[in-house]
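S.K.: Read top to bottom, the protein sequences are chains A and B. Under our numbering, the first sequence has 57 at position 57, and the numbering climbs by one with no breaks. Under our numbering, the second sequence has 263 at position 263, and the numbering climbs by one with no breaks.
In case anyone wonders, no lab produced these hints; they're calculated from the structure. Misleading hints may appear alongside valid ones.
[Stated by the list, open to error] With a cut-off of at most 30 Å between alpha-carbon atoms, the simulated DSSO-like pairs for lysine-lysine come out as follows:
| hint | chain 1 | residue 1 | chain 2 | residue 2 |
| --- | --- | --- | --- | --- |
| 1 | B | K165 | A | K44 |
| 2 | A | K5 | B | K165 |
| 3 | B | K241 | A | K68 |
| 4 | A | K43 | A | K124 |
| 5 | A | K68 | B | K137 |
| 6 | B | K165 | B | K241 |
| 7 | B | K137 | B | K222 |
| 8 | A | K68 | B | K198 |
| 9 | B | K165 | B | K137 |
| 10 | B | K198 | A | K44 |
| 11 | B | K198 | A | K104 |
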Amino acid sequence: MTVSKKVILLGHYGVGKSSLTRRFVYQKFSNQYNTTIGVNIEKKVVALPTCEISMIIWDIAGETSHQKVPQSYKLGAHGVIYVVDLTRPNTYQKLDTEILNLQKSLPDVPMLVIGNKKDLFTEKERTDIVKQLPLEPFALSSAKTGENVDAIFTELAKRMV
Amino acid sequence: MDPTEEETVATEKTFEQLRKLLLEEEQRDHQQLSRQVVELREDINTRHRLQKKVDPIIDDKLSYVREHFPELFGPALTQAIKRQIRESRDEVIDALYPIMGKLVRKYIIVELSALSEKIDQQLEQAFSWEMWVRRLKSWVTGRSLGEEIVVQAMEPTIQEVFVIKQHSSVLLGSYSRQNIMDRDMIAGMMTAIRGFAKEAFAKEHQDLQTIEYETYKILLKKFQTFYVAVTVSGAMNEAFKQKIDDLVLDFVHKVVNTTSSTTSAEDYLSEPLRQYFSQTNL
Numbered sequence: 001m002t003v004s005k006k007v008i009l010l011g012h013y014g015v016g017k018s019s020l021t022r023r024f025v026y027q028k029f030s031n032q033y034n035t036t037i038g039v040n041i042e043k044k045v046v047a048l049p050t051c052e053i054s055m056i057i058w059d060i061a062g063e064t065s066h067q068k069v070p071q072s073y074k075l076g077a078h079g080v081i082y083v084v085d086l087t088r089p090n091t092y093q094k095l096d097t098e099i100l101n102l103q104k105s106l107p108d109v110p111m112l113v114i115g116n117k118k119d120l121f122t123e124k125e126r127t128d129i130v131k132q133l134p135l136e137p138f139a140l141s142s143a144k145t146g147e148n149v150d151a152i153f154t155e156l157a158k159r160m161v
Numbered sequence: 001m002d003p004t005e006e007e008t009v010a011t012e013k014t015f016e017q018l019r020k021l022l023l024e025e026e027q028r029d030h031q032q033l034s035r036q037v038v039e040l041r042e043d044i045n046t047r048h049r050l051q052k053k054v055d056p057i058i059d060d061k062l063s064y065v066r067e068h069f070p071e072l073f074g075p076a077l078t079q080a081i082k083r084q085i086r087e088s089r090d091e092v093i094d095a096l097y098p099i100m101g102k103l104v105r106k107y108i109i110v111e112l113s114a115l116s117e118k119i120d121q122q123l124e125q126a127f128s129w130e131m132w133v134r135r136l137k138s139w140v141t142g143r144s145l146g147e148e149i150v151v152q153a154m155e156p157t158i159q160e161v162f163v164i165k166q167h168s169s170v171l172l173g174s175y176s177r178q179n180i181m182d183r184d185m186i187a188g189m190m191t192a193i194r195g196f197a198k199e200a201f202a203k204e205h206q207d208l209q210t211i212e213y214e215t216y217k218i219l220l221k222k223f224q225t226f227y228v229a230v231t232v233s234g235a236m237n238e239a240f241k242q243k244i245d246d247l248v249l250d251f252v253h254k255v256v257n258t259t260s261s262t263t264s265a266e267d268y269l270s271e272p273l274r275q276y277f278s279q280t281n282l
């Protein structure tokens with residue numbers, strides 16, 4: 001049985017939401033930065049042991065706060081991936097408040113916080129950055145190398161069932 | 001003592017030899033220079049000889065100008081055109097009007113040819129059963145057979161029907177008369193467009209009702225937890241729109257409201273949609 005689920009990607013502009021989506025759906029990466037206008041919709045079916053999840057991914061244009069994202073884009077979401085850029089502290093400084101507000105507007109919806117662009121740091125630097133994050137991320141990822149990308153989406157699929 | 005005649009001749013001979021020795025080279029140079037001046041004058045005064053010399057230079061310059069025209073004259077031309085448009089708006093409009101007219105005429109010709117082809121195809125079936133039905137219809141309605149064919153050629157047709165959950169964009173069912181791209185993505189994009197229109201115009205109790213794309217129209221009908229999108233091709237009038245509204249309301253009342261509680265499958269409305277809409281003659 002296939003079940004459709006709406007997944008939204010949130011976070012500041014340029015954190016790598018579209019790159020993560022592109023990597024997950026098409027297994028591709030480009031160094032070129034293209035701003036997302038409004039929203040871009042992609043789909044990928046993830047096979048779980050019990051069922052198939054058809055993930056309708058809403059890759060939403062980056063905003064400094066999720067409150068600036070149109071409410072209608074967030075409504076009806078079954079899962080959220082909140083992406084921060086490990087190279088830019090301003091993308092995670094208010095992470096705890098952002099997640100708290102999101103949980104209020106989307107109660108009981110699974111949310112995963114992801115630190116992207118991990119390929120740009122050494123193991124030691126990454127450990128130091130994670131300590132600075134207001135919330136512990138679910139995973140650190142790299143859209144460039146593809147590291148952890150499938151695992152993140154699969155985990156969200158499991159949590160949405 | 002006067003020199004003898006012999007001595008005088010000898011002296012002159014010596015002078016002559018001396019002059020020859022001293023001036024011979026200069027004379028040669030002089031003669032060569034004179035020749036060159038004559039040749040140069042002929043070069044300048046004879047068109048084809050001058051052309052032969054100057055043409056390569058002009059060609060070089062011309063190709064340079066041709067290659068660098070935008071940099072050399074672009075800004076000046078833009079300025080001149082802007083000034084011209086500003087100062088003589090009416091003249092510019094007069095100049096452009098025939099070109100615009102031609103473009104519009106070309107578009108109409110293309111569209112008419114497409115229509116004419118369609119009519120030809122239908123005329124080819126002139127002796128078919130359908131044509132006799134049309135003749136009968138034409139006789140009953142009082143419209144000419146040609147008019148009847150044109151009306152039929154432009155007749156609106158339902159191409160697709162989608163039932164989509166509000167907000168989540170999950171597709172509850174779809175029916176299509178043609179092969180279209182991924183239906184889930186269409187449902188997602190349509191939901192995003194509706195959401196965008198709502199946010200952009202900040203009208204809480206108003207909704208996007210139609211999306212037009214060339215000869216296609218997408219009619220959107222909102223219900224409490226879902227909305228129905230109907231794609232129509234052809235020239236749709238108000239009466240046809242009303243028919244679709246009635247059809248959608250009837251489908252929701254008879255099918256959706258009775259089916260939803262009895263099944264757990266996600267696209268549970270696809271089969272009922274097919275059964276319902278394939279029977280309609282719209």
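S.K.: Decide if the proposed pair is consistent with the structure: K198 (chain B) and K104 (chain A), CA atoms, cutoff 30 Å inclusive.
M.R.: Holds - the C-alpha atoms of K104 (chain A) and K198 (chain B) are around 22 Å apart, at most 30 Å.
S.K.: Measure nothing beyond the straight line between the CA atoms of K137 (chain B) and K222 (chain B); if it is 30 Å or shorter, mark the hint as holding.
M.R.: violated (37 Å)
S.K.: Verify the proposed pairing of K5 (chain A) with K165 (chain B), using a straight-line Cα cut of 30 Å.
M.R.: holds (11 Å)
S.K.: For a C-alpha distance cap of 30 Å, please report whether K165 (chain B) and K241 (chain B) respect it.
M.R.: At roughly 22 Å apart (the allowed maximum being 30 Å), K241 (chain B) and K165 (chain B) satisfy the hint.
S.K.: Assess, step by step, whether the Cα of K165 (chain B) is no farther than 30 Å from the Cα of K44 (chain A), and give holds or violated.
M.R.: Answer holds: K165 (chain B) to K44 (chain A) is near 19 Å, not above 30 Å.
S.K.: Under the criterion that the straight-line Cα-Cα distance not exceed 30 Å, is the pair K198 (chain B), K44 (chain A) satisfied?
M.R.: holds (27 Å)
S.K.: For a C-alpha distance cap of 30 Å, please report whether K68 (chain A) and K137 (chain B) respect it.
M.R.: The hint is violated at about 59 Å.
S.K.: Hint check: K165 (chain B) vs K137 (chain B), CA-CA at most 30 Å. Holds or violated?
M.R.: Distance ~42 Å between K165 (chain B) and K137 (chain B) Cα, so the pair is violated.
S.K.: If you draw a straight line from the CA of K241 (chain B) to the CA of K68 (chain A), is it 30 Å or shorter?
M.R.: violated (37 Å)
S.K.: Would you check the hint for K43 (chain A) and K124 (chain A), treating anything up to 30 Å between C-alpha atoms as holding?
M.R.: Violated: K43 (chain A) and K124 (chain A) sit about 36 Å apart, past 30 Å.
S.K.: Are K68 (chain A) and K198 (chain B) close enough, with their CA atoms no more than 30 Å apart?
M.R.: OK: K68 (chain A) and K198 (chain B) at ~15 Å, within 30 Å.
Violation of the numbered hints given earlier is confined to hints 3, 4, 5, 7 and 9; the remaining hints are satisfied by the structure.
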